[in-house]
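*Asks:* Sequence:
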Amino acid sequence: MTTEVRTVQAGEVIRYADGIRDVYASAFAAPPWNEDPAEADVYAERLARDALRPGFTAAVATAGGTVTGFATAWITPEVFPADRSYGQVAEALGPGRTRRWLCGALEVNELAVAPEAHGGGLGAALLDAVTGPAPDGRCWLLTSVRAEAALRLYERTGWRRVDAPVPGKAALVVLLGPRHPGREEAGDGDWDGR
Numbered sequence: 001m002t003t004e005v006r007t008v009q010a011g012e013v014i015r016y017a018d019g020i021r022d023v024y025a026s027a028f029a030a031p032p033w034n035e036d037p038a039e040a041d042v043y044a045e046r047l048a049r050d051a052l053r054p055g056f057t058a059a060v061a062t063a064g065g066t067v068t069g070f071a072t073a074w075i076t077p078e079v080f081p082a083d084r085s086y087g088q089v090a091e092a093l094g095p096g097r098t099r100r101w102l103c104g105a106l107e108v109n110e111l112a113v114a115p116e117a118h119g120g121g122l123g124a125a126l127l128d129a130v131t132g133p134a135p136d137g138r139c140w141l142l143t144s145v146r147a148e149a150a151l152r153l154y155e156r157t158g159w160r161r162v163d164a165p166v167p168g169k170a171a172l173v174v175l176l177g178p179r180h181p182g183r184e185e186a187g188d189g190d191w192d193g194r
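Numbering-wise, the sequence shown is residues 1 to 194 according to the UniProt record's numbering.
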């Protein structure tokens, strides 16, 4: 069966909400996420709100009419948020790097592939589809260092870890996209917040 990856806009992504919810539930039930299946319902509700964010884009993979993976992204606001994990990210990077690297950049919010679809390059295709419109190549994402398979995917596709641990029990790390202008500076170890 052939898998198709296509980019969808805000108004269209809701058509795929049930399949996205199912992929989310199966992808994030396993370690290191260990999410309760009910969290997939919460995500499906959040997806409708996220689709209203400036610069929202999504990529959906389907095979035989069934959603097998998805990715979502939007433009990070110029005033960096403080909710969710954003405050910890800003603390790790400092105000200067947060502003230069993340504000106004395309932020990959979610990327998930159904476990039965792993190993066929679907994650890389979804990531590529959703980050194509990144302004000046500026895109970034946040994941856990415990998500070893995800980190291998990101590094294999040219993403670079920022050498600044994000505080908190989730063991998060920021990654900059393959064309991000801050990539070279990301690993210099100079974390004084400039």
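These are computed hints drawn from the structure, not numbers from a lab. Positions of the beta carbon are idealized from the N, C-alpha and C atoms, including for glycine. Take these hints with a grain of salt, some might be off.
Unchecked claim - Across the chosen pairs, the derived CB separations fall in these ranges:
1) Ala82 - Thr2: 36 to 46 Å
2) Glu155 - Gly96: 19 to 29 Å
3) Val145 - Gly64: 31 to 41 Å
4) Ser85 - Gly11: 41 to 51 Å
5) Thr2 - Gly87: 19 to 29 Å
6) Gly132 - Ala17: 18 to 28 Å
*Asks:* None of the hints should be skipped; say for each whether it holds.
*Replies:* Going through the hints against the structure:
At about 44 Å, the beta-carbon gap between Ala82 and Thr2 stays in the expected band of 36 to 46 Å. Glu155 and Gly96 have their C-beta atoms about 25 Å apart, which keeps the hinted 19 to 29 Å range intact. Take Val145 and Gly64: their Cβ atoms lie about 35 Å apart, and the range 31 to 41 Å holds. With their beta carbons about 28 Å apart, Ser85 and Gly11 fall outside the hinted range of 41 to 51 Å.
About 43 Å separates the C-beta atoms of Thr2 and Gly87, a value inconsistent with the hinted range of 19 to 29 Å. Checked against the given bound of 18 to 28 Å, the beta carbons of Gly132 and Ala17, roughly 23 Å apart, stay inside it.
Comparing the model with each numbered hint stated earlier shows that hints 4, 5 do not hold.
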